[in-house]
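Make the full structure from the sequences, and use the hints.
Number of protein chains: 2
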Amino acid sequence: MDGAGKEKTDQTGAKAPPDRLIDLLADDLQTVNRLIRERMASEHAPRIPEVTAHLVEAGGKRLRPMLTLAAARMLGYQGQDHVKLAATVEFIHTATLLHDDVVDESQLRRGRKTANLLWGNKSSILVGDYLFSRSFQLMVETGSLRVLDILANASATIAEGEVLQLTAAQDLRTDESIYLKVIRGKTAALFSAATEVGGVIAGASEDVVAALRDYGDALGIAFQIVDDVLDYGGTSAVIGKNTGDDFRERKLTLPIIHAVASSSSEERAFWERVIEKGDQRDGDLDRAMAILAAHGSIVYARDSALAWAKRAKVALNNLPANKLSETLLELADFVVERVA
Amino acid sequence: MDGAGKEKTDQTGAKAPPDRLIDLLADDLQTVNRLIRERMASEHAPRIPEVTAHLVEAGGKRLRPMLTLAAARMLGYQGQDHVKLAATVEFIHTATLLHDDVVDESQLRRGRKTANLLWGNKSSILVGDYLFSRSFQLMVETGSLRVLDILANASATIAEGEVLQLTAAQDLRTDESIYLKVIRGKTAALFSAATEVGGVIAGASEDVVAALRDYGDALGIAFQIVDDVLDYGGTSAVIGKNTGDDFRERKLTLPIIHAVASSSSEERAFWERVIEKGDQRDGDLDRAMAILAAHGSIVYARDSALAWAKRAKVALNNLPANKLSETLLELADFVVERVA
Chain X
56 MDGAGKEKTD QTGAKAPPDR LIDLLADDLQ TVNRLIRERM ASEHAPRIPE VTAHLVEAGG
116 KRLRPMLTLA AARMLGYQGQ DHVKLAATVE FIHTATLLHD DVVDESQLRR GRKTANLLWG
176 NKSSILVGDY LFSRSFQLMV ETGSLRVLDI LANASATIAE GEVLQLTAAQ DLRTDESIYL
236 KVIRGKTAAL FSAATEVGGV IAGASEDVVA ALRDYGDALG IAFQIVDDVL DYGGTSAVIG
296 KNTGDDFRER KLTLPIIHAV ASSSSEERAF WERVIEKGDQ RDGDLDRAMA ILAAHGSIVY
356 ARDSALAWAK RAKVALNNLP ANKLSETLLE LADFVVERVA
Chain D
56 MDGAGKEKTD QTGAKAPPDR LIDLLADDLQ TVNRLIRERM ASEHAPRIPE VTAHLVEAGG
116 KRLRPMLTLA AARMLGYQGQ DHVKLAATVE FIHTATLLHD DVVDESQLRR GRKTANLLWG
176 NKSSILVGDY LFSRSFQLMV ETGSLRVLDI LANASATIAE GEVLQLTAAQ DLRTDESIYL
236 KVIRGKTAAL FSAATEVGGV IAGASEDVVA ALRDYGDALG IAFQIVDDVL DYGGTSAVIG
296 KNTGDDFRER KLTLPIIHAV ASSSSEERAF WERVIEKGDQ RDGDLDRAMA ILAAHGSIVY
356 ARDSALAWAK RAKVALNNLP ANKLSETLLE LADFVVERVA
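Taken in sequence, the protein lines are chains X and D.
Take the first sequence: its letters are residues 56 to 395, numbered as in the working numbering.
Take the second sequence: its letters are residues 56 to 395, numbered as in the working numbering.
Check the hints yourself; a few may be wrong.
Pairs count within a copy or across copies, as identical chains cannot be separated in the list.
[As the list claims (entries may be wrong)] 20 Å max Cα-Cα, derived SDA-like pairs, lysine to any residue:
| hint | residue 1 | residue 2 |
| --- | --- | --- |
| 1 | 177 | 303 |
| 2 | 177 | 160 |
| 3 | 116 | 71 |
| 4 | 332 | 174 |
| 5 | 177 | 159 |
| 6 | 306 | 102 |
| 7 | 177 | 304 |
| 8 | 177 | 161 |
| 9 | 177 | 163 |
| 10 | 177 | 225 |
| 11 | 306 | 322 |
| 12 | 306 | 99 |
| 13 | 368 | 128 |
| 14 | 177 | 331 |
| 15 | 332 | 175 |
| 16 | 177 | 226 |
These aren't lab readings, by the way, just hints derived from the structure by calculation.
Quick caveat: nothing in here was measured; it's all calculated off a predicted structure.
Structure below.
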């Protein structure tokens, strides 16, 4: 789900926003990484750090923990609890990845074999549980009940979204409002909790906390829609991942949901065969792409992502202007850049 | 893992301790059950209450939530937060059962088909995650950071114990100290957190809180050793479960650990074949039982359970004497009664 690849520069040679965040937050990130390594250890069960390291050190961009660090620091926070919260957020994220890969029977993540493939489903389930409980210990250490409340609610939204995705998959009745709930669970809930707790720990006013929450929510939604659009190749020839994975897994993402809603009865019969019945044959992905194109479904989903990115930027309007808030602003454009 | 079956009476017609606890805590238990039903609901994902109800309403004795209620009430607690904590404990327990059954590939629990068999592993994993996050929301509502700390630590111990069990299984080097860590994770950590948070929420002194924690810990350990002894038929003809399940799953429980430590080289070759290599043939269970008998391993494990039950009772010494504390005292004898 991490959209950022290796360090990127634009045509003027400037670094991309995630890399600028890495530079701006370098010291904090180092402390977060140290804390993560420390807390993923287990005296008695060496399997735990083995599995965790595989995933945590696999070169993810630490986008979520950076959101927490950036939110706290842009408000002038001088303490150290934001580091604990950033590690918390990364542990929750890693725990959900471990369980997701079991549920999706994934074999590859970030270009490497998945933990479930290497150590089996059992280890992935139990190490995920362990990381979730470790995240819980970390956030308790901050002593902030408000933070605990936010992260408990985010955890429930994540789990509920995952179950909803499981039951909504292959069901053509899935509409945009269900889709939104699924992607809030899948991505936006943790983005928004990440930014919100950064504000809370910095002692920000209610307005500022709400703005940070809205920013994370909108950024996460834009991020996930882009991911779902790219799964059908995007609007141009940008190659981000294998085209058609969601189609083969019969997932009802925004492009398909839009196309189904405006499909002819013949097209509907096609969707019923390939999505609901799962009877997919050679040429079906091409046919699906043609229907998506005919109904402007990719453009529709792209526009939706752009609108959410804009909402993310608007949310930042009333926050202090500094390098960190400017970079968060540019991050919103960056996440939709691949489909813009 | 629930040791208590249907309502039982002893030879004098008196009810067994778990049933007496049900009577003594009837009103509270009703409130707990209402809260559990309320909180397992999900507006958007009906699969969640479906899976949860299957397990939560399957006739478990609610032993763990009763420990929380009993601990709080025996200290004169008059508030309502103990109800939230009791529901929390039951949710954590249910979440671990869902994940355990996936990991152990179980097909039956409490005489009914398991959730993983009925709805698939994916639902069990995700609904388990959901219940865990719901438990977390419930405990946050009590507003007690101390309670959150205890339950976060218990969750980590549970998950670590599960991973340890996974990696220690089939490994003849597993010794009694590793076994103790595994069963603390598997059973005693939640028992002891259940009693401890009952004391904390009641505002008890440090001495009393420590006594409640020790009671829960010792009770849980006794409980689990008894379970493991009964898996080899116990010391008499008591039939509690299918004999030999642990043997077939190549689990290193206390009877085997004791026997392995005193085995001849020929016996050791046998354990290597059946446990480490998993090459089990007709008659192997009988041979295992004969070796256990020859080394007094069942009696050794039984005596260990009895000693832990005694420790549980000693821990209660300095607590107020009333019907609830008396019943907890008798509960310690009750859990080892089947092997005594």
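Comparing the hints with the structure gives:
1. In this homomeric assembly, residue 177 and residue 303 come within 20 Å of each other (Cα to Cα) only across copies, at 18 Å, whereas the closest approach inside a single copy is 25 Å.
2. In this assembly of identical chains, residue 177 and residue 160 lie within 20 Å of each other by CA distance both inside one copy and across copies; the values are 13 Å within and 10 Å between.
3. In this assembly of identical chains, the alpha carbons of residue 116 and residue 71 lie at most 20 Å apart only when taken from the same copy (12 Å versus 57 Å across copies).
4. Within a single copy, residue 332 and residue 174 get their C-alpha atoms only as close as 32 Å, which misses the 20 Å cut-off; across copies the closest is 18 Å, which meets it.
5. In this homomeric assembly, residue 177 and residue 159 come within 20 Å of each other (Cα to Cα) both inside a single copy, at 14 Å, and across copies, at 8 Å.
6. For the identical chains of this complex, residue 306 and residue 102 are inter-copy neighbours only, at 18 Å across copies versus 33 Å inside a copy, given an alpha-carbon limit of 20 Å.
7. Taking CA atoms no more than 20 Å apart as the test, residue 177 paired with residue 304 passes between copies only; the shortest distance there is 14 Å, against 23 Å inside one copy.
8. In this assembly of identical chains, the alpha carbons of residue 177 and residue 161 lie at most 20 Å apart whether taken from the same copy (14 Å) or from different copies (13 Å).
9. Both within a single protomer and between protomers do residue 177 and residue 163 lie at most 20 Å apart by alpha-carbon distance, with minima of 17 Å and 18 Å respectively.
10. For the identical chains of this complex, residue 177 and residue 225 are inter-copy neighbours only, at 15 Å across copies versus 26 Å inside a copy, given an alpha-carbon limit of 20 Å.
11. In this assembly of identical chains, residue 306 and residue 322 lie within 20 Å of each other by CA distance solely inside one copy; the values are 17 Å within and 54 Å between copies.
12. Proximity of residue 306 to residue 99 under the C-alpha cut-off of 20 Å is restricted to the inter-copy arrangement: shortest distance 17 Å between copies versus 40 Å within a copy.
13. In this assembly of identical chains, residue 368 and residue 128 lie within 20 Å of each other by CA distance solely inside one copy; the values are 18 Å within and 53 Å between copies.
14. Taking the closest pair of Cα atoms, residue 177 and residue 331 come within 20 Å of each other only across two copies (18 Å); inside a single copy the shortest separation is 29 Å, beyond that limit.
15. When the C-alpha separation of residue 332 and residue 175 is checked against a cutoff of 20 Å, the pair qualifies only between copies, where the shortest distance is 18 Å, while the shortest distance within a copy is 29 Å.
16. For the homomeric pair residue 177 and residue 226, the shortest alpha-carbon distance between copies (17 Å) is at most 20 Å, but the shortest distance inside one copy (29 Å) is not.
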